[in-house]
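Novice: So the protein lines, in turn, are chains D and V.
12 is the number that this note's numbering gives to position 12 of the first sequence; each next residue is one higher, with no gaps.
Count along the second sequence from 1, add 114, and you get the number used in this note's numbering.
Certain hints may be false.
As the list claims (entries may be wrong) - Computed from the model, here is a short list of chain V residues facing chain D with C-beta under 10 Å:
1. Gly-130
2. Thr-134
3. Gly-156
Said to hold, decoys possible - Which stretches of chain V does chain D cover? Using the computed rule of at least three CB atoms under 8 Å from a CB of chain D, they are:
4. 141-154
5. 181-188
Stated by the list, open to error - Ranges of calculated distance between the beta carbons of each label pair, as one might list FRET restraints:
6. V:Gly-154 <-> D:Lys-22: 28 to 36 Å
7. V:Val-158 <-> D:Ser-70: 24 to 32 Å
8. V:Gly-166 <-> D:Thr-20: 22 to 30 Å
Source of the hints: derived by calculation from the structure; they are not laboratory data.
Ideal Cβ positions, reconstructed from N, Cα and C, are used throughout, including at glycine.
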Amino acid sequence: AAGVIQSPRHLIKEKRETATLKCYPIPRHDTVYWYQQGPGQDPQFLISFYEKMQSDKGSIPDRFSAQQFSDYHSELNMSSLELGDSALYFCASSLGGDRTYEQYFGPGTRLTVT
Amino acid sequence: TQLLEQSPQFLSIQEGENLTVYCNSSSVFSSLQWYRQEPGEGPVLLVTVVTGGEVKKLKRLTFQFGDARKDSSLHITAAQPGDTGLYLCAGADNYGQNFVFGPGTRLSVLP
């Protein structure tokens, strides 16, 4: 079965640079979530989109923005990168409107800021 | 803000032993999910429980949702080294909003 695809899998950037992470949800899933996971921590919710509209906002810094496109893929744009932004970034998708809200996670993008 | 707590935080056991990990909250959840995560990989959904008192079995794993839908447990029978990983519970509140993760239980099963 098709899973969530994330690209790139690994990314190395320098401080103050920008980065764009991409997420392709499971086919027919209309909701995308972004999470940040630091070492030894649980995933922290950043932001979500349902039907191309922002549906919920978590602890996403103002330096980050995201959007969901007409084909339901999503991009997380990160500017003025800081050392503390180094983490695993996960995208998850679900079929919106289902009260079980089962989220299926991608393999993640490991961002390293030097 | 609703929170999920998990216990124990760390668990190291020998192959063949049984174990139970717990997920607790003071809030009511419309559903709870259990995920297993290996280092550097995304969480993998194991099960979703929706109805209070519900019990689901997945091979050697038994999941239970509390009657009041505020807590859940995961019981593993005859643990194997392949069960090693971070077990996360997560859930959405009664309105299907505010999806949160617990801090996880890090399980190590020694051969």
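Novice: Take the hints in turn and mark each one as holding or not.
Specialist: Results of checking the hints against the structure:
1. Gly-130: Violated: closest Cβ of chain D sits about 28 Å from Gly-130 of chain V, beyond 10 Å.
2. Thr-134: violated (20 Å)
3. Gly-156: Since chain D brings a Cβ to about 3 Å from Gly-156 of chain V, closer than 10 Å, the hint holds.
4. 141-154: It holds, with 5 qualifying residues against the three required.
5. 181-188: violated (count 0)
6. V:Gly-154 <-> D:Lys-22: 28 to 36 Å: Roughly 19 Å apart at Cβ, these two residues miss the hinted range, so it is violated.
7. V:Val-158 <-> D:Ser-70: 24 to 32 Å: holds (29 Å)
8. V:Gly-166 <-> D:Thr-20: 22 to 30 Å: At roughly 43 Å between Cβ atoms, Thr-20 of chain D and Gly-166 of chain V fall outside 22 to 30 Å, so the hint is violated.
In summary, the structure is inconsistent with hints 1, 2, 5, 6, 8 from the numbered list given earlier, while agreeing with the others.
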